[in-house]
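Undergrad: Here is what each chain is made of, one letter per residue.
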Amino acid sequence: MKNLNSVFAAYLIAWGVFFVYYVTVARRASAVREELQKLKESLNRGK
Amino acid sequence: MKKSAFGGVLVLLLLAAATYAAFFVAPLDTRQGLIYRILFLHVSSAWTGLIAFFVCFVANLAYVWRREPRWDWLGIAAAEVGLAFTTVVLITGPIWAHPVWGIWWTWDARLTSTFVLWLLYVSYLVLRTLLEESERRALFSALFGIFAFIDVPLVFGSIRWWRTQHPQPVVMGDPGSGLDPVMLKVLLFYWLAQTGLMILLLAARYQLEAARGDLEIARREMEAA
Chain A
-12 MKNLNSVFAA YLIAWGVFFV YYVTVARRAS AVREELQKLK ESLNRGK
Chain B
272 MKKSAFGGVL VLLLLAAATY AAFFVAPLDT RQGLIYRILF LHVSSAWTGL
322 IAFFVCFVAN LAYVWRREPR WDWLGIAAAE VGLAFTTVVL ITGPIWAHPV
372 WGIWWTWDAR LTSTFVLWLL YVSYLVLRTL LEESERRALF SALFGIFAFI
422 DVPLVFGSIR WWRTQHPQPV VMGDPGSGLD PVMLKVLLFY WLAQTGLMIL
472 LLAARYQLEA ARGDLEIARR EMEAA
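If you read the sequences in order, they're chains A and B. Numbering-wise (our numbering), the first sequence opens with residue -12 and increments by one. Numbering-wise (our numbering), the second sequence opens with residue 272 and increments by one.
Isolated chain B, as found in the complex (with noise of 0.2 Å):
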């Protein structure tokens, strides 16, 4: 209890950093103006979100070859926590955009595999809780968690293979592209701060479906005694 308060004050503290980076330390956009600094929000919550479908790809294929409950638990935990950062691309996408495009939403290759990524992992949830056995509950959805992640890198690859609306990536991009140090610095950073959140509500959550699996077996003992 006493690690994951420390933990929790720790993240807490490297999230206020960051903000107070993101607004104070890196210098202004000359071209966008202030409305630019959604982007280390934006950029560092999309990869973490990728980052955690990464590890619910690695448990459900772990749950599928090892069949160990430890492995269903870190998938939906990873999962739900996925969504969680997929939900802030989603909603601080927009506001960005409007200024800038003109427009909300448009359905460019970025933008749309990024929403079906989200409803694919809504799906992932939502078929958990129409499955009542169970084994067969972890074995469908981690098939289902292998598939869906088939669409995390078609999201990656999505602002590299077609024109999009969406800008060039920022990081890993063509030659050229990138952002000025001291804003990578900053986005970094925020991603560092991200990343120890992800951890945070990974740790929480994967401790809820352990003791889910606990009440389930004293459920069992309870129904045979």
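Chain A on its own, in the form it takes in the complex (with noise of 0.2 Å):
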């Protein structure tokens, strides 16, 4: 079982890195979003 370690620590840093990826996409999506909606808002109130 030698390298056993190396190779989970592959796989766990590779996997980390994807989900932390995926997340900080998800999270800028939700702000932008949110940004969105606001402005939509405000615009319709100004008509």
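None of these hints come from the bench; they were simulated from the model. Being a predicted model, the structure only gives us computed values, none of them experimental. Certain hints may be false.
[What the hints assert, rightly or not] If we take Cβ atoms under 7 Å as the criterion, some of the chain B residues that face chain A in the derived model are:
1. Thr363
2. Pro365
3. Ile366
[What the hints assert, rightly or not] Here are the computed distance ranges between Cβ atoms for each label pair:
4. A:Arg14 with B:Ala495: 23 to 33 Å
5. B:Pro438 with A:Trp2: 20 to 30 Å
6. A:Glu28 with B:Pro424: 23 to 33 Å
7. A:Arg20 with B:Thr400: 12 to 22 Å
8. A:Gln24 with B:Ser275: 35 to 45 Å
9. A:Glu28 with B:Glu339: 47 to 57 Å
10. A:Phe6 with B:Gly449: 31 to 41 Å
11. A:Arg15 with B:Glu339: 21 to 31 Å
12. B:Thr301 with A:Arg14: 41 to 51 Å
[To be verified] Chain A stretches covered by chain B per the calculated footprint, using a threshold of three residues with CB under 8 Å from any CB of chain B:
13. -10 to 1
14. 26 to 33
A virtual CB, placed ideally from N, CA and C, is assigned to each residue, including glycine.
Two chains, each in its own frame: build the complex with the hints.
TA: In structure tokens, the structure reads:
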């Protein structure tokens, strides 16, 4: 079982990179959608 | 929303099955032992990253030709996703290299060209943050993206054209090179799962950029009102 830790580390780090990236995209998307909603509401109020 | 959730679950199942195959179906390599199992993750991430950069290149060309924002959105999405996969390649490579080569890193043609590729696409993202005006940002980054893609054939050919510390290609290499048939099947299956993940990330990132486009239009309307 030599190098088992290294193999696990490689897979865990890789999944970590993809997971963190997906979470940052989701967070940015949610922030943009929120801002867009606010802008649309203020535009509608202005009309 | 339901569609993307279904896609997400499907990709997760594919990745889980591919990882099971990488650990329990692929036979043990008698020379390298357990550490070679990084191959499935490392090689498939490298292929997937290069595909994402190719998508970015096509989108950049299409933007320069058509000047439609959707090509700019696809370009930035593919560049970021390609960068995520290349980051994984640059992390898993040294973890694999250390027990096999006795060193974490060496500046051979393959490793250097891959690192340069990573730096080029980081620069692509940085460039976008420096340009305020959307059309100028899209055009300049498309032109830079076309230039950055020049490194992709160099990465692909580096282990074919020059002698490197990095091993020769396991697929599409010289006669006599290659993988055990079961290992090859597992590698292709892992690549399929990674490609699914790439499509999922690309779709999510594209939607974000499209929403940013809508936000910019709404801001302009707000300013005009």
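Undergrad: State, for the Cβ atoms of A:Glu28 and B:Glu339, whether the hinted interval 47 to 57 Å holds or is violated.
TA: Between A:Glu28 and B:Glu339, where Cβ atoms are some 29 Å apart, the hint is violated.
Undergrad: That 12 to 22 Å hint for A:Arg20 and B:Thr400 (C-beta), does it hold up?
TA: 21 Å, holds
Undergrad: Holds or violated: the hint that B:Ile366 contacts chain A, with Cβ atoms closer than 7 Å.
TA: Holds: closest Cβ of chain A sits about 5 Å from B:Ile366, inside 7 Å.
Undergrad: Mind checking, does the stretch 26 to 33 of chain A have 3 or more residues with a CB under 8 Å from chain B?
TA: With 5 residues in contact (Cβ-Cβ under 8 Å with chain B), the coverage given for the stretch 26 to 33 of chain A holds.
Undergrad: Given the hint of 21 to 31 Å, check if A:Arg15 and B:Glu339 actually sit that far apart at their C-beta atoms.
TA: 22 Å, holds
Undergrad: Checking hints one by one. Is B:Thr363 an interface residue toward chain A, by the C-beta closer than 7 Å rule?
TA: 4 Å, holds
Undergrad: Cβ-Cβ distance between B:Thr301 and A:Arg14: within 41 to 51 Å?
TA: 46 Å, holds
Undergrad: When I compare C-beta atoms, does the stretch -10 to 1 of chain A have three or more residues closer than 8 Å to chain B?
TA: holds (count 9)
Undergrad: Is the distance from the Cβ of A:Glu28 to the Cβ of B:Pro424 consistent with 23 to 33 Å?
TA: 50 Å Cβ-Cβ, so the 23 to 33 Å window is violated.
Undergrad: Do the Cβ positions of A:Gln24 and B:Ser275 conform to the proposed distance bound of 35 to 45 Å?
TA: At roughly 20 Å between Cβ atoms, B:Ser275 and A:Gln24 fall outside 35 to 45 Å, so the hint is violated.
Undergrad: Confirm or reject the claim that A:Phe6 and B:Gly449 have a C-beta distance inside 31 to 41 Å.
TA: The hinted range 31 to 41 Å holds for A:Phe6 and B:Gly449, with Cβ atoms some 33 Å apart.
Undergrad: Just to be sure I understand the hint, the distance between the Cβ atoms of A:Arg14 and B:Ala495 should be within 23 to 33 Å; is that true here?
TA: 30 Å Cβ-Cβ, so the 23 to 33 Å window holds.
Of the numbered hints stated above, those contradicted by the structure are hints 2, 6, 8 and 9, listed in ascending order.
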